[in-house]
Every structure is written in structure tokens, then in C-alpha cells.
Amino acid sequence: MGIGKYRPSGRKYGPPIVSCNDYPEDGNKIVPSLREALILAGLKDGVAISTHHHFRNGDLVAGQIFDIAAEMGIKDLVWVPSASFECHSSLIKYLENGTIHHIEGSMNGALGRFTSEGKMKGTGVLRSHGGRYQAIQDGDVHIDISVIAAPTADPFGNATGDRGPAACGLLGFALADSQYADKVIVVTDNLVPFPCVPWHIQGNYVDYVVVAEKIGIPEKIVSGTTEITKSPDRLLLAEMTAQFCDEAGIIRDGFSFQAGAGGTALSIGVFFAEMCRKRGIKARFARGGSNKYLVQMLEEGLVDYILDGQTFDLEGVRSMRENPGHVNTSPFTSYNYHGKGNFAQYVDVVILGATEVDIHFNANVVTHSDGCLLHGIGGWMDCLFSRCVILPVPLFRDRMPVILDEVTTLCGPGELIDVIVTERGIAINPLRTDLIEKMKTSRLPVKTIQQLKEEAEKICGKPSRPKFTDDPVAVIKWVDGTVIDTVFKLDKLR
Amino acid sequence: MDFHSEHLAKAGNKEEGIRSDCFVTLELADSGGIQLELVSKVESMYGESILTLVHKVLDFFDIRHVKILLEDSGALPLVLAARLEAAIKILIKTDKEFLLPLIPENGYSTAPDRNRISRLYIPGNTPHLAINAGIHKPDGIILDLEDSVAPEKKYEAGYLVRNALRGIDFYGAERMVRINQVPNGLSDLPFIVPHNVNLVLIPKCEGTEQVRLVNEEIVRIRKLTGTTGNTWLMPIIESALGVMKAFEIARCENVVAMAIGLEDYTADLGVRRTDEGQESLFARSMIVNACKAAGIQPIDSVFSDVGDMEGLRRNALKSKVLGFEGMGCIHPRQIRVVRDAFAPDEEEIDRAKKIVRAYTEAAEKGLGVVSLGTKMIDAPVVKRACKVIDTAIALGKLDAGWKDLS
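Chains S and P, in that order, are what the protein sequence lines are. If you read the first sequence in my numbering, its first letter stands for residue 1, the second for the next number, and so on. If you read the second sequence in my numbering, its first letter stands for residue 1, the second for the next number, and so on.
Only chain S is shown next, with the shape it has when bound in the complex (with noise of 0.2 angstroms):
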């Protein structure tokens, strides 16, 4: 249909009406335990059950739920997490066992290969944070019940995830869960009395309260790369990309950037602070994943604000906590596709890594190039809308070159990417006229994209494609609900 093309009519989703009457008149929503509290929110066959991420790898609640669904013979659930993890795998028996139907969200690691290998009962859906948020406003997505699992939240449901023994930092990602699921759980492990303050979500969507002896593993929480790469090769496609940027007039006072979270992008973050230092400029704003690094841009007055969406570490979680230049956002504010506007459209520069990219600069996240599942979108797609789209990406990976002629997965059309750096060449998209005349006297490897596949096979030979069935395992919706891709069932894999 093309980019910006659909336009939704109608109404957006509506949760039950309720009434105050209804709930307790001291606002002690406390239940003795998550099985009380999932049965009084109606726990049975082929509900839909929302989780959020912000606990990463150390998430102990998802787990729970369906142990206790598989407990009570509860089959066909479907789940839909705002993202998986490793410690997700776990949950392979019940999809097995078919407590779980199929998970919408993301389908990472070894879930990806068990979806891959078409083992999941039904097909799976893969959205963008962004497009989350939007397929639960616009009743794409309908979630029964939601559990949030809160760091700190007292008796009425209020709840942060700013403090407590669980930090993570902030709680956007379940912010569609509470406004629109149909009955809302908060799970903590650090009860205050009320009010709990500041609130990152509001008691007032929230159902039943659980208090749990343990719902994260700190050091599991804040588990997303936090060093800068020591390689030298992603140390020498950082320092390309930053001085890409710098000569293309990106680095100006006032600017705003987003890198993500791995050591690539991280690195790019400290060349910026770097300019920035010498330059006596500073960045208006940075969009996290906030770390360290951005903590110190911010704290050196590098950055006036941090707009973010997840903690990568505990100074992001400080920082959060103390500074009120660290401000919490979510999908809603960053990414929402059926919006009035999003902040993703206004970053200046955006940062994104990709496991494909192809001669047409369209771009794969989610598969590998053995066409296996691996990775969820995050806001990589909604990313994608800002001013400069670049994708910094090694050449080949070991001996997988990254630039196809056709990527696996389509996941970003390549009309929204503007600039693939690789350690052997920069190729800038024909449509950024703009880019192109700029870097015309640079002294970086300015190629075009075919070059840059030509040089690619030459060192690692031309690829075969993965072969699949015609069985759809998983569908990539993108930011507006529309489906932009379909991963099939590999033929063979090892």
C-alpha cells in the first residue's frame, strides 16, 4: 500500500466501564496471591495474557502466570509480552504442552528457532513498540487480563519502576496494558503505602494488587550491553558513523539523537559527547535507552534532556530517580503510529542496528540470514521516522554478509533508511540527494549499496538463500497494523 498510505477510521478500542462502587472502599485492591488474583480476573481457555519487558532477563513474573495456568489445565492462551527474553525460554514446555497457543510480541532466541521450526500451535505476530501500543488502541489486540510487574506500587495499584529492589527504571511499556487490558494485575515485591510516588502507572486503571516475595534479578534486570565495544572493528564502524553525521551537518547545537543499546551504538553516543565537548554545543535532547554514557551527557550538560523509553543500567535508574532532566516516556509519547504526532519523528538522528539490509536498503531485524527467528523489533520501526535513518552494520558477520540482494524479512522499507555504514563503505540512499551532495568532498568511502554487496560476496562467496514451506509461522506487522512481511517454516534447519 506504501508508507503513511492506510489511514484508520473509527473509534479507538474501549475497555469495560466500571464503577468505583465496585471496588474496595479504602482502595486495598490487595489479593493473597497472583493464582487469586488471576482466577478473580477471569483466568480461563484462549484469554490473552499482557506482560511488559522492562525486567529483561530477570523477569520472574511471566513465568509464574503460566505455571499457574498449566497448574489449573488452562489451555490456548495467547501471550503477548511487549517483548522476550532468554529467560523466556522456559516457557517452550508450555507452548508444547499448549497452555500457550502462540505469543504476539516478540519471539526472541530460542523461542524464535522453536517458532521457526513451525512447533508453535498458532501463528505468531511481531509488532513494533510503537505498533503495540497501537494495535491495543485500536482493538487490534484485545488483552484480558494484564499483569504489570511493579518495582514499587502501594495498595491502590499506583505503581513506579524508579525504586525498589526491582528498579528498572520506568513502566512505559505496560501503559497501553493498563489503560485498555480488561482486568489489570500489579505484581510487587515492594509495597508502600499509598500514595506511592512518582506513578508511572496509574492505580486507577489497575484491578487487583499482589505482593510477591521476589518478581526480578537486578543484575538480570540491567542486562543490556552496557560498555562500549572493545572490539576495533565496531570501534571503527562507531567512529564512521559519528563523523558521517558530524560531516553531514547533523552535529549542530540544539540537535536530538537515539542509538540503542549495543556496544556499537554506545560508542557512537561517547563520539557525540566527544564533538559536543570540543565544540562547546549541546544536544536538546537524546531518546533512550538511557545508560551511562547518556547519564553523563546529561549530567556534564551535554544533553538538556534524556526523553526515554527503558533503563539499560543502574545510572539510568538514578538518574531517573534524581534528575528531573531524565524524564520517563512511553510508547504512547515516543512511538504511536495512530497519534497526533510521535517524538520519533522529530529525533534529528537515529541509530539502529539490522541483521540484512538489501540493495534497496530495506532492512531485516527479526530473522537471520538462516531465516530463523531471532530477534523482536523493539522501536526499530517506529525509529525509523526520523530526519536521518543509519544503519551502522559490519560488512558480513563472520562469513554472512549483512548487504542481500533481497533481505529475508522485510521489516523497514527502504524508502525510511538513509545510510548504511559499514567499516568498508558508506552507501547513502539515492533519495537523500541532500546527504549525497554533502559528503561529496568527504574523505570517508562514500560507495553505492551495490558496491558494497559486490565487495561483500567477493570476500564470502554469493549466498543461498534459506529455503522454507509455504507454512506462515509468524507475521511483522508494521507501525500501522498493516502486514509487511510473513516468516515461513524453515525447511531445514540444524
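Read the hints as simulated data drawn from the structure, not as lab findings. Where is the CB? At the ideal position from N, CA and C, for every residue including glycine. If a hint is listed, it holds; no wrong ones were tucked in.
Facing chain P, from chain S, some residues (calculated, C-beta under 8 angstroms): (1) Leu-235; (2) Leu-236; (3) Ser-369; (4) Asp-370; (5) Gly-371; (6) Glu-423; (7) Ile-459; (8) Pro-463; (9) Pro-466.
Following the hints, put chain P in place on chain S, whose structure we already have.
Coordinates of chain P only, in the frame set by chain S:
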């Protein structure tokens, strides 16, 4: 796949964290044909091409009955072929070599006086480091067969270095190999000399004999294989005796640069190596003086703390002051620091520009005497200024068209 025989050969690496490499287990048999098991992380992309290559190699060595387990972590064809050949040659004695094409990019030769400010050491048996070495733009890349290769891996490293010299694009860096200490190092030469190695480093050099042996062997191999071009030599002085013989060594045929290795030198002296380098001042000065007297380049030792960029910078600046013209690097991130430290600074460049201009003007006017202000300028001063300008241009510190720009 089960292996039973004692005639088993293994080559390559497969430990955790190994990338772009492979591990071959090979057993010759009398019957049963070719039994091949491939375990590869790139099987969906390159499974067929790997099998084709394996069959080609087996065919080349006339192997009809064999069991092979190939465990591949994303090795390039030149790595696969090197590992396979190494394993085969453990069991079969033959002079035949399975050579992949020498890529056209690798056909260049180097001038004896080219810049050798930064030269990057790459362990000779670690393919993933070699593949991307050139992108960091060192002046030279050293594929090391000596200290960075474990004794039990020396054998297979030769094949890998040979294939790397033929198949990896070094993007214009001088293609160097550090051989093992002579006499053992002489047997490394057939792996590299016919494959357009530009320069051979001779470690632990203590006299002219070692250099002569290497040079003669190179000449012999070149003749035998019809190899053209030059193979320069860079002896490394690593002992008190070597230091005393420095000048003689520097004057040997085809020697274009001489380096000092301070870890072994300080050990030989029985002193601790310090950052200040007081203990090696004599040796370093001897090397510089010997090289200058012989008209070749003096090259300083490596700086071993890869995390300490500031220490490296101080060290490199001191080297430059002593008269060294370059340093070894053991990590790509050191290259820029070394290059910047050895590069002429702005004051040097300005002065050199003035001298060259004055000289050019004087020459145009047909004046025999060149002066700058009230100072007379001698020919060696002009020569040095030209060298500063050339280096500044090569390092991107000065635009090549500087004369027209100002």
C-alpha cells in the same frame, strides 16, 4: 561421526568464542569413499559451496576414501582450504599445494623507503583478526608466525598465512610476515615468499649470518618459483649482543628497516622494562644511530598495554624524539595514536612549507644559495623538509595541493 584409526589428523580451532575458523578431523581409509559431515553456522548460505570446495581439495590430493568432520564457525574459503590442506599433509607427504587465486589487489610491491610508522601484529593462526586488519589502515600488517602462535599450531599456521597473503585484501598496507627464529624460520619462507610477501621480519637477530641465511633462502625460492618483485627484510634486535651488532645487521642486503624488541632485550639485561624506558635508552639510541648510518628506518618496540592510550602516546612521542620512524602495534586502536604521535606537528609542517617554498623560489630564480630570513638553508635541511611535507600529506595532515592553496 566416529573415528577409529590412529591415522587421524586434526587442524584448526573450535573452542568457544572462535569465529571465522573451522576445525577439521580427518581419517584416511582404504574403502568407503568420501564420508563427510559438515557442522556449519553458515550451512544455509554456504553449505553447498563448502562441500564443493572440500571435494575439490580432496580431488587435488587424489584422496578417494576418507572420513572428514568439518566443524565450521563461518570460515572463509581460504581458511577452510588451509585447514583442510594442513590436516591432509599430516597424513600424506607431498609437495603439491592447493592454491586459491592470488587476488589482483594483492599484487603490489613496496618501496624500500615507504612509511612504516605503524605496523600491526596479527597472530598468524587467528583468521578473524586477519580478515579485517586492513580496514584499520596501518602502514604494514604483520602476519606473525613466531611468538603469537602456540608451538603445536606452528605447522598449520603456515598454510593459513600463505592463503591469507593470497586471498585477503590488505588495502594497500605493506604485507609483512614475522618468521620464526632462524634457523627454524627458514622453513617458514616457502609458505610466504612465492605469495608476494613484501617484507619479512627476522626475530631475535644477533648477527649478519641470520640475515644472510634468510636472504639467500628467499633468493633461492624466488628463483625456483619464478617470483618477481622485492622481499625486504626487517631484523628485530632483541638482545644485548644484537644491539652491539646493529650496524652490521643494518647494512645487510635488502634490509630496509630494523626494529627493537624491548621485552626480550630487557630480559636479556636482567632489568625490568619501565614506561620511562631509561634502561633501554642506550639500546634504542644504538638502533637509531645504526639505522641512520646505514640509511634505513629505525623502528621502535611495541607498547604492550593496549588499554593505556595516553601511555602509548607519551611513549611514541619519546620514540620520535629519539629518532625512530615508527612503532609496532598490537591492537588496531593503537594505530591512530602512533600515527598522530609520529606525524609532524603544525610547527614542523609550517617550517617545512617555508623551507620548500624558499627553495622552489630560489631554484626558479636560478639562485645557488637558498635562504630563509637571515638563515642559509643547506641541502639536507631541504631534504628533511620535503620528507616532513611528504609524511604530512600521506597522513592527511596536509593537503597535497598545499602550494596552490596558500
